[in-house]
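So the chains spell out like this:
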Amino acid sequence: MQTFSFAANERKFFGICMVIGVVSLLAIYLTDDPLHSRFWSNILQNGTLFIGVAFISLFLYSAKIIAYSGWHVQFKRLLESYSLFLGIGVIIMAILGLGTVFGFHSLYEWNQPHLVEKDVIIQGKSPFLNWQWYMFATIVFGGSWYFVSRQLRALSLKEDQEGDMSFTIHKKMKIWAAIMLPLGGFTSAAAIWLWTMSLDAHWYSTLYGWYTAASWLVIAVAFMILTIIYLKSRGYYPKVTSDHMHDLGKYLFAFSVFWTYLWFSQYMLIWYANIGEATIYFHHRHEHYPFLFYANVAINFLIPFFVLLRNDTKRKNGTLIFVSIAVIIGHWIDFFLMVKPGVHYTTNKILMTTGAESAAAELTRYTIPGILDFGVFIGFIGLFGYFVFTSLAKAPLVPAKDPYLEESLHHHVV
Amino acid sequence: MSKNKHVLFGLYDDDEILLDAVKEARNQKLDIMDVFTPFPVHGLDPALGLSESRLHISGFVFGLLGALTAFGFMTWIMVVDWPIIYGGKPYWAVPSFIPITFELTVLFSAVGMVIVFYTICGLGPGVNSVILDPRITDDKFCIAFDVTNVDESEQSELKKFFEQSGASEINNKTI
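Each protein sequence line maps, in turn, to chains A and B. For the first sequence, this note's numbering gives the first residue as 33, with consecutive numbering after it. For the second sequence, this note's numbering gives the first residue as 5, with consecutive numbering after it.
Chain A on its own, in the form it takes in the complex (with noise of 0.2 Å):
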């Protein structure tokens, strides 16, 4: 079976994006506030996204094993290198919660014990929102994704040598992805309200750990999309054909237009309701971030819906780069507005109260990505990409012996 090779000119590509991000990183820090909340809140804008990557690779990939899905096979190693990222996605998620323990960054107001002593709300919410918790969430939550990333990797790659008709090794692989999905569904959402909904935190949306969710599903199969054509355009994959790329096609449609359905209901019910401290959160983003605040719907709605309603712009690969370039760079809007008008509001607070008023005015700078917003942005992306490549390279791209390979080998759609 073909095995990937990691060229040097690849190497060379992601090596750049992630010094880009390393030099965006180091001058966002040389030039922002005091607090140094621009340079935080990227990483973690950033670093939630990428973990929820590979977050929900894992979980995409254990609810395929479970529904007995077959089409997807000749590619999932994809899915396993993606879920493996969950590695590095705990370390920075880590470093973040070493920053509560320390107070190295300020980025959570419910860390500021100066202001939770005046805060009944926040005070109520303290036996959740402490630093406690949060390294709670992060290492065991995370590192027991991770660890599940690891066993179903392992199995797979068992199975590749030693897969006969008794599957013994594929119903151990469906042992661990049955324990994934209640275990992901659940903890995800609490180390998302943690990580992101806590930073507005007398705020909160039962929605939300859906809604981030979608968010991550929507990139992870733009993720997807993009790689396999870039593999097929260097001669790797030659079965997979357009109906494959149908199929991811129709998921990407399917769950941008989930996604749009869980932000409308977020955002209907609290327009509907016009309760202040529901509407806080809305209120801030429309008053400060208005163009980014359309442009979120506009992107990740309408391009993806107009784009790929019809049959055959899922089946070409030209509109089909176009339109995940764009939800890529649509769910980081996305995230971008998940994270830093909290972080913003949160820092301009601490500014005031210790006096800093002329530290906050220059804060409102912020509130459109700026280009070593993208920088960093793109550092990631280099990352990741380098560490999905990697980890590519390490075993055969096609799965030789799982049971379900030649129904992937074979898959039409119409």
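No lab work stands behind these hints, which were simulated from the structure alone. If a hint is listed, it holds; no wrong ones were tucked in.
Think about it this way: if two alpha-carbon atoms lie no more than 20 Å apart in a straight line, the pair counts; the simulated EDC-like pairs of lysine to aspartate or glutamate are:
no., chain 1, residue 1, chain 2, residue 2
1, A, K348, B, E56
2, B, K27, B, E173
3, B, K93, A, E309
4, B, K93, A, E319
5, A, K282, B, E56
Mind docking chain B on chain A? Use the hints.
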């Protein structure tokens, strides 16, 4: 129906045999009238050389019509005809119109596509559809040729094709 059709058709036991027979018929440039299968057979449409169905275009048009109907009607009611302030919202409260707009989009496109499909296929309540053989709705796969204006020698050619391509039965019917 102004004129009756004479149909020569062969029944096959398996969808794989049918698919090969269809490809063979297309190679021999035989003019297939229709193919009947009890379930959708993957790869049959491209094998028959059928172009993509245009039914979904009607779905889009009806969906658009539904969206415009719902949104326009609610706008007319809530802004022009009977303006009410509820919950401190403006008269033209767009987010609260979205769910009903969505519902009517789905309803119009679904019902519209059913009507278009039934009209195109000549189906409907009270219409007595002629079926070549009852078993093609159960376990037989059928290739049918229109032989109304086909002479005997060509018909024997078709019969030979059925025999060679593995048909289990060859029958005639006038519909």
